Amino acid sequence: MNAIRRGLGSALVQAFLVVIGLVWLTPLAGLFLSSLRSAQDTAKGGWWTALASPGQLSFDNYAALLKNAGITQAFWNTVLISVPATTLVVVIAALAGYAFAWLDFPLREPLFLLVVALLVVPVQIGLLPVAKLFGALGLFGTIPGVVLFHVAYGLPFAVFLLRNYFADIPKEMLEAARMDGGSEWRIFTRLVLPVGRPAIASLAIFQFLWVWNDMLVALLFADSSAQPLTVQLQSQIRQFGSNIDVLAPGAFLSLIVPVVVFFAFQRHFVQGVMAGSVK
Amino acid sequence: MTATTALKQQAGPQPAAGPAPTRRGRRRGRTVALLFVFPALLLLGALVVYPVLFSVGRSFFDASGTRFVGGDNYTEMFRDPATLKAIRNTTIWVVVAPALLTGLGLILAVLVEKVRWATAFKLLLFMPMAVSFLAAGIIFRLAYDEDPDKGVLNAAVVSVHDAFEGTSTYPTARGRTGLLTQDPDGSYRTTAHPGGPVTLPMVGVLPKDLPAQARPAAPAPHTTGPGELRGVVYLDFTPGGGGKQGRVDPKESGLPGMKVEAVRDGKTVASTTTAADGSFRFTGLHDGSYTVKLPKSNFAPPYQGVSWLGPTLVTPAIIGAYLWIWTGFAMVLIGAGLSTLPRDALEAARMDGANEWQIFRRITVPLLAPVLTVVFVTLVINVMKVFDLVYIIAPGPVQEDATVLATQMWLVSFGGGNDQGLGSALGVLLLLLVIPAMVFNVRRFRNSQR
Numbered sequence: 020m021n022a023i024r025r026g027l028g029s030a031l032v033q034a035f036l037v038v039i040g041l042v043w044l045t046p047l048a049g050l051f052l053s054s055l056r057s058a059q060d061t062a063k064g065g066w067w068t069a070l071a072s073p074g075q076l077s078f079d080n081y082a083a084l085l086k087n088a089g090i091t092q093a094f095w096n097t098v099l100i101s102v103p104a105t106t107l108v109v110v111i112a113a114l115a116g117y118a119f120a121w122l123d124f125p126l127r128e129p130l131f132l133l134v135v136a137l138l139v140v141p142v143q144i145g146l147l148p149v150a151k152l153f154g155a156l157g158l159f160g161t162i163p164g165v166v167l168f169h170v171a172y173g174l175p176f177a178v179f180l181l182r183n184y185f186a187d188i189p190k191e192m193l194e195a196a197r198m199d200g201g202s203e204w205r206i207f208t209r210l211v212l213p214v215g216r217p218a219i220a221s222l223a224i225f226q227f228l229w230v231w232n233d234m235l236v237a238l239l240f241a242d243s244s245a246q247p248l249t250v251q252l253q254s255q256i257r258q259f260g261s262n263i264d265v266l267a268p269g270a271f272l273s274l275i276v277p278v279v280v281f282f283a284f285q286r287h288f289v290q291g292v293m294a295g296s297v298k
Numbered sequence: 010m011t012a013t014t015a016l017k018q019q020a021g022p023q024p025a026a027g028p029a030p031t032r033r034g035r036r037r038g039r040t041v042a043l044l045f046v047f048p049a050l051l052l053l054g055a056l057v058v059y060p061v062l063f064s065v066g067r068s069f070f071d072a073s074g075t076r077f078v079g080g081d082n083y084t085e086m087f088r089d090p091a092t093l094k095a096i097r098n099t100t101i102w103v104v105v106a107p108a109l110l111t112g113l114g115l116i117l118a119v120l121v122e123k124v125r126w127a128t129a130f131k132l133l134l135f136m137p138m139a140v141s142f143l144a145a146g147i148i149f150r151l152a153y154d155e156d157p158d159k160g161v162l163n164a165a166v167v168s169v170h171d172a173f174e175g176t177s178t179y180p181t182a183r184g185r186t187g188l189l190t191q192d193p194d195g196s197y198r199t200t201a202h203p204g205g206p207v208t209l210p211m212v213g214v215l216p217k218d219l220p221a222q223a224r225p226a227a228p229a230p231h232t233t234g235p236g237e238l239r240g241v242v243y244l245d246f247t248p249g250g251g252g253k254q255g256r257v258d259p260k261e262s263g264l265p266g267m268k269v270e271a272v273r274d275g276k277t278v279a280s281t282t283t284a285a286d287g288s289f290r291f292t293g294l295h296d297g298s299y300t301v302k303l304p305k306s307n308f309a310p311p312y313q314g315v316s317w318l319g320p321t322l323v324t325p326a327i328i329g330a331y332l333w334i335w336t337g338f339a340m341v342l343i344g345a346g347l348s349t350l351p352r353d354a355l356e357a358a359r360m361d362g363a364n365e366w367q368i369f370r371r372i373t374v375p376l377l378a379p380v381l382t383v384v385f386v387t388l389v390i391n392v393m394k395v396f397d398l399v400y401i402i403a404p405g406p407v408q409e410d411a412t413v414l415a416t417q418m419w420l421v422s423f424g425g426g427n428d429q430g431l432g433s434a435l436g437v438l439l440l441l442l443v444i445p446a447m448v449f450n451v452r453r454f455r456n457s458q459r
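Protein chains in written order, with this note's numbering: chain Y, 20 to 298; chain P, 10 to 459.
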């Protein structure tokens with residue numbers, strides 16, 4: 020009797036989770052199928068009608084997307100923003116994280132507490148003042164401007180994460196390296212960076228994701244020639260219905276890169292997002 | 010030894026350890042250290058700390074930044090209907106979303122442990138965390154489309170509704186004017202004379218919209234037995250022309266499936282549904298005259314589903330999209346906490362005969378409380394800053410109904426409002442809202458260093 024009840028319970032749990040899974044999958048499937056249909060078909064009926072008449076589906080929208088200069092430019096801009104913004108954050112934060120963990124300098128403790136405090140500062144508060152500053156420096160509207168903003172607002176979390184990770188390196192390892200007469204730079208590149216690889220990987224993935232998916236910062240700081248994909252697509256959203264043959268494949272193009280990264284680096288990805296969620 | 014030096018020793022071992030450094034060596038060490046931290050401190054100082062101070066100062070000046078206005082921007086914030094709306098909506102977000110997410114995450118984390126494909130399920134639910142708010146916004150603009158033929162959500166809602174409520178058969182039908190009387194609520198009626206047949210002529214149904222089972226109508230027979238009332242509901246239109254209004258001509262179709270009621274003294278005493286040829290028959294009526302009524306449900310317009318992105322539902326709809334993105338996060342984080350629970354306690358409870366619900370209520374939830382708090386707090390911080398999703402999903406006309414602090418700050422400062430004083434004040438308000446989280450982080454860090 021009990022076994023039957025347990026079996027029934029487990030079947031119910033399975034059924035419930037299957038339903039939830041389908042609910043989670045449906046929106047993505049809807050976007051993908053919509054991206055394969057013409058705007059006229061979409062105006063006539065939902066994407067599920069394509070399941071009955073697969074003739075509607077084709078890669079024409081994607082072919083058109085590749086010929087769309089605005090979109091391809093925006094895709095490259097996204098890469099040109101995300102890659103340097105990720106690299107710079109990792110390099111700068113690794114240097115600072117090492118110094119905060121193992122080197123002595125004035126005000127080390129209060130400065131690090133400041134970094135911890137800055138973790139949750141919303142980017143919104145920086146928009147206006149930094150826009151003025153960049154305007155004066157000639158950086159407003161440019162890709163380097165967008166990159167610098169992302170680096171600055173990525174740093175508190177990055178420094179926090181790496182300093183904590185580096186601080187756990189056994190003291191004996193570092194002392195041995197110092198005894199051997201290694202310079203701090205040598206210790207940093209030969210010992211700290213290799214040991215810190217897992218944390219650096221998580222950080223890099225989190226930061227890449229954050230910048231790749233950003234719209235707000237680029238909306239303000241990038242002019243039309245520096246626009247990433249998110250901003251380019253956002254500008255077409257007003258005519259949602261008639262632009263759906265650009266918006267749906269464009270959105271799919273913009274999400275496929277992070278999703279591939281997600282599946283390729285699951286563990287680092289989850290750890291990075293978990294750690295970075297304090298942001 | 011003072012507390013600070015103790016903290017220092019814990020926080021990072023002294024570089025002085027090892028061979029005693031000379032004074033010159035130490036100074037060189039400091040220079041190196043400053044070179045290491047300099048890039049980070051420069052960027053943080055110039056692009057984060059300075060802007061915070063600037064915004065705080067700027068929030069005390071007027072739109073153009075020339076006149077000092079004291080706290081006017083802050084009082085304006087609670088007077089202006091648009092910013093007030095943003096504050097209200099952000100409050101809704103903060104009250105609803107983190108609690109829902111934590112609850113859903115907890116339930117799923119507990120349930121998923123019971124199936125063998127837990128990993129696949131977790132991956133699927135976590136995946137939306139990789140998707141940009143923009144892409145998620147486009148996904149949900151599609152899903153929330155009001156037209157049930159286009160938006161998947163309304164398609165589902167309408168089919169569920171129609172399965173339970175049934176569809177009205179003749180949304181376009183009207184009674185023949187002069188022969189039937191229309192009530193204010195949209196139903197039609199006529200008076201049935203004792204013994205005589207009742208004819209209810211209708212127009213406004215296209216022949217192609219007739220139900221498949223419809224048969225040509227026949228004039229209702231005159232002869233009625235005791236307590237019997239017969240009649241016919243038909244389409245008073247002869248294909249190809251001819252025929253007389255108000256009379257059942259040959260080739261005119263009956264209207265099957267029409268609900269008919271017999272009413273006496275304002276009370277419905279009997280009801281039935283017409284047959285394939287449009288005929289109907291009441292039995293067991295008392296003598297006297299009746300009103301025969303075609304209730305409005307016959308003519309109700311088809312159910313169109315829910316206006317997800319209309320002014321009233323737009324915020325819940327966007328919160329729904331947010332749930333799609335963040336549930337996996339809550340589930341995985343809570344799941345990680347779950348895996349650290351002592352197995353013995355759970356096993357012991359099971360041995361004592363506790364059922365799963367009791368174990369969940371009395372053991373799992375209390376033990377998980379710290380993890381649940383972290384998830385909840387994290388979500389509150391994130392929800393307060395939500396921007397992209399609202400900006401993308403809310404269509405232009407309902408943008409102001411959906412507005413939250415972050416979008417309002419954007420609109421006021423850059424999106425046409427051009428009031429950078431008020432915009433800065435909104436930015437400062439956002440900062441003030443996350444200050445408890447800031448204090449929490451700093452405290453937690455200092456404690457972890459003790």
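Calculated directly from the structure, the hints in this document are not laboratory data. Predicted model, so just to flag it, every value in this text is computed and none were measured. Be aware that a few hints might be false.
Lysine to aspartate or glutamate pairs mimicking DMTMM-like chemistry, simulated, CA-CA at most 25 Å apart [stated by the list, open to error]:
1. Y:151 <-> P:428
2. Y:63 <-> P:365
3. Y:190 <-> Y:242
4. P:394 <-> Y:242
5. Y:63 <-> P:218
6. P:268 <-> P:218
7. Y:151 <-> P:71
8. P:123 <-> P:428
9. Y:63 <-> P:71
10. Y:151 <-> P:81
11. Y:190 <-> Y:123
12. Y:63 <-> P:171
13. P:94 <-> P:365
14. Y:63 <-> P:155
15. P:305 <-> P:156
Do the alpha carbons of residue 63 of chain Y and residue 218 of chain P lie within 25 Å of each other, as the hint requires?
-> The given pair, whose Cα atoms are some 20 Å apart, holds under the 25 Å limit.
Could you grab the alpha-carbon distance between residue 394 of chain P and residue 242 of chain Y and see if it respects the 25 Å cut-off?
-> Distance ~24 Å between residue 394 of chain P and residue 242 of chain Y Cα, so the pair holds.
Assess, step by step, whether the Cα of residue 63 of chain Y is no farther than 25 Å from the Cα of residue 155 of chain P, and give holds or violated.
-> Holds, because 13 Å separates the two Cα atoms, which is no more than 25 Å.
Do the alpha carbons of residue 123 of chain P and residue 428 of chain P lie within 25 Å of each other, as the hint requires?
-> Not OK: residue 123 of chain P and residue 428 of chain P at ~55 Å, beyond 25 Å, violated.
Measure nothing beyond the straight line between the CA atoms of residue 63 of chain Y and residue 365 of chain P; if it is 25 Å or shorter, mark the hint as holding.
-> violated (49 Å)
Take a quick look at whether residue 151 of chain Y and residue 71 of chain P sit within 25 Å of each other, Cα to Cα.
-> holds (17 Å)
When you check the alpha-carbon spacing of residue 151 of chain Y and residue 428 of chain P, does it fall within 25 Å?
-> holds (15 Å)
Holds or violated: residue 94 of chain P to residue 365 of chain P, with C-alpha atoms at most 25 Å apart = Distance ~44 Å between residue 94 of chain P and residue 365 of chain P Cα, so the pair is violated.
Hey, residue 190 of chain Y versus residue 242 of chain Y, does the alpha-carbon distance stay inside 25 Å?
-> With Cα atoms ~49 Å apart, residue 190 of chain Y and residue 242 of chain Y exceed 25 Å; violated.
Is the Cα-Cα distance between residue 268 of chain P and residue 218 of chain P 25 Å or less?
-> holds (18 Å)
Quickly compare the C-alpha distance for residue 151 of chain Y and residue 81 of chain P to 25 Å and report which way the hint goes.
-> At roughly 23 Å apart (the allowed maximum being 25 Å), residue 81 of chain P and residue 151 of chain Y satisfy the hint.
Compare the distance between the alpha carbons of residue 63 of chain Y and residue 71 of chain P with 25 Å, and conclude whether the hinted pair is satisfied.
-> violated (50 Å)
Taken one by one, the earlier hints fail for this structure at numbers 2, 3, 8, 9 and 13, listed in ascending order.
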